[in-house]
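Number of protein chains: 2
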Amino acid sequence: MEVLEAIHTRRSVRKYEDKTVPEELIKELLSAAMIAPSAGNAQPWQFIVVDDHDKLTGVKEYSQYAAMAEHAPVAIIVCGDLSLEKYPGYWVQDCSAATQNLLLAAHGKGLGAVWTGIYPMEDRIKGFSDNFNLPKNVIPLSLIVIGWPVHEQKYKDRYKEDRVHKNGW
Amino acid sequence: MEVLEAIHTRRSVRKYEDKTVPEELIKELLSAAMIAPSAGNAQPWQFIVVDDHDKLTGVKEYSQYAAMAEHAPVAIIVCGDLSLEKYPGYWVQDCSAATQNLLLAAHGKGLGAVWTGIYPMEDRIKGFSDNFNLPKNVIPLSLIVIGWPVHEQKYKDRYKEDRVHKNGW
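Going line by line, the protein sequences match chains A and B.
Here the first sequence is numbered in numbering that gives the first Met the number 0, starting from 0 and rising by one per residue.
Here the second sequence is numbered in numbering that gives the first Met the number 0, starting from 0 and rising by one per residue.
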């Protein structure tokens, strides 16, 4: 799939077929995430791949908008590792760029995915940290829920001219 | 260009040919940025397109790592608009996803670009806010410097197995 088509046809996918995602595909998504730009090329990320059904079902207890994980074959927790930062303060941007790469790669491979937010909500951070035994220096940013989409994803354009300014406000 | 190829061959490009970038292409990059996912689909972003040579030259006075802007035909300041947030606290993630879309779209179109950080450095935020008359609710996140690349960009893989954890740490 062509990159601009992928960008414009990627949607948040919350309903999945009852079908597993091969490990090799997950590795491709993670590889796409890990080639994202990062401040000082620090690559301050860690990823938790979750395919344990009980863990996926439990997510809704501490992250209400991630309940679709119960019916997904797999999800990935994208985390920032503060001990890997070169320029402190940029990990959220770095890990968000990695997340966007992951979403686009998933879509390019025919998968569907949705970015559910964790950071900066304290209760969600605690929920994921406790349930996945995260070290103190590893902060969960987002849970990306992944599966084979039930519906087709259509091209969208949300260009807004009033958000564009020339050489100043 | 295929989306996974685009993801893996995109590099930070800091040297550009002496050649302008058509406005229509800039619009395509902005359109790619604006279709990024955002918390509650709030789309809390604003973009300043900068092609004024004096302004591009001035950037290095308050953002030392963005000196390449002096020799670039155009740059885009990606900003978060706090007044547009639906779930406060997510604008950095939203605007970072938009930035990554913009970088991939640029690469897909044969352009080269580099993400230079502004937020959360106070002095850089002040520099850009003052020089581009940004309203108080509009926070500059990054300056994306763009041009036609002098060098070819090669495929890279930075997959690190030790950053991947299964069902918990």
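In short, the hints are calculated from the structure, not lab data.
Heads up, a few of these hints could be off.
Stated by the list, open to error - Below 30 Å or equal to it, Euclidean Cα-Cα: the simulated DSSO-like pairs (lysine-lysine) are:
1. B/Lys153 x A/Lys26
2. A/Lys85 x A/Lys59
3. B/Lys153 x A/Lys125
Unchecked claim - Non-contacting residues of chain B with respect to chain A, defined by C-beta distances greater than 12 Å in every case (computed):
4. Arg10
5. Lys14
6. Lys18
7. Ile25
8. Tyr64
9. Ala66
10. Cys94
11. Leu101
12. Gly116
13. Lys125
Said to hold, decoys possible - In silico contact screen, one side only, chain A against chain B (beta carbon under 8 Å); selected entries:
14. Glu1
15. Lys18
16. Thr19
17. Pro21
18. Trp147
Even for Gly, the Cβ is constructed at its ideal location relative to N, Cα and C.
Going down the list of hints, with the structure as the test:
1. Taken as a hint, the B/Lys153 and A/Lys26 pair is honoured in the structure, with Cα atoms around 21 Å apart against an allowance of 30 Å.
2. The suggested pairing of A/Lys85 with A/Lys59 is violated, with an alpha-carbon distance near 34 Å, which exceeds 30 Å.
3. With a C-alpha separation of about 40 Å, the suggested pairing of B/Lys153 with A/Lys125 is violated against the 30 Å cut-off.
4. Against chain A, the non-interface label of B/Arg10 is violated: not every CB pair exceeds 12 Å, the least being about 9 Å.
5. At the 12 Å boundary, the C-beta of B/Lys14 stays outside the reach of chain A, the nearest C-beta of that chain being 17 Å off.
6. The beta carbon of B/Lys18 is kept farther than 12 Å from every beta carbon of chain A, the shortest such distance being approximately 20 Å.
7. Look at B/Ile25: its CB is around 9 Å from the nearest CB on chain A, not clear of 12 Å, so calling it non-interface is violated.
8. Consistency note on B/Tyr64: stated as away from chain A, yet its beta-carbon is not over 12 Å from all of that chain's, at 10 Å minimum.
9. Non-interface status of B/Ala66 relative to chain A is upheld: no Cβ of that chain comes within 12 Å, the nearest being about 16 Å off.
10. With a least beta-carbon separation of about 8 Å from chain A, B/Cys94 fails to lie farther than 12 Å from that chain, contradicting its non-interface assignment.
11. Not every Cβ of chain A is farther than 12 Å from the Cβ of B/Leu101; the closest lies at roughly 9 Å, contradicting the non-interface assignment.
12. Residue-level check failed: B/Gly116 sits 6 Å from the nearest beta carbon of chain A, not beyond 12 Å.
13. In this structure B/Lys125 is separated from chain A by more than 12 Å, as the shortest Cβ-Cβ distance comes to about 15 Å.
14. The closest approach between the C-beta of A/Glu1 and any C-beta of chain B is roughly 7 Å, which is under the 8 Å cut-off, so the hint is satisfied.
15. For A/Lys18, the suggested interface contact is broken, since its CB lies about 20 Å from the closest CB of chain B, more than 8 Å.
16. Interface restraint check for A/Thr19: the shortest CB-CB distance to chain B comes to about 15 Å, outside 8 Å, so the restraint is violated.
17. A least Cβ separation of about 15 Å between A/Pro21 and chain B goes past the 8 Å threshold, and the interface hint is therefore violated.
18. Checking A/Trp147 against chain B: minimum C-beta separation of about 18 Å lies over 8 Å; hint violated.
The structure fails to meet hints 2, 3, 4, 7, 8, 10, 11, 12, 15, 16, 17 and 18 from the earlier list, while all remaining hints are met.
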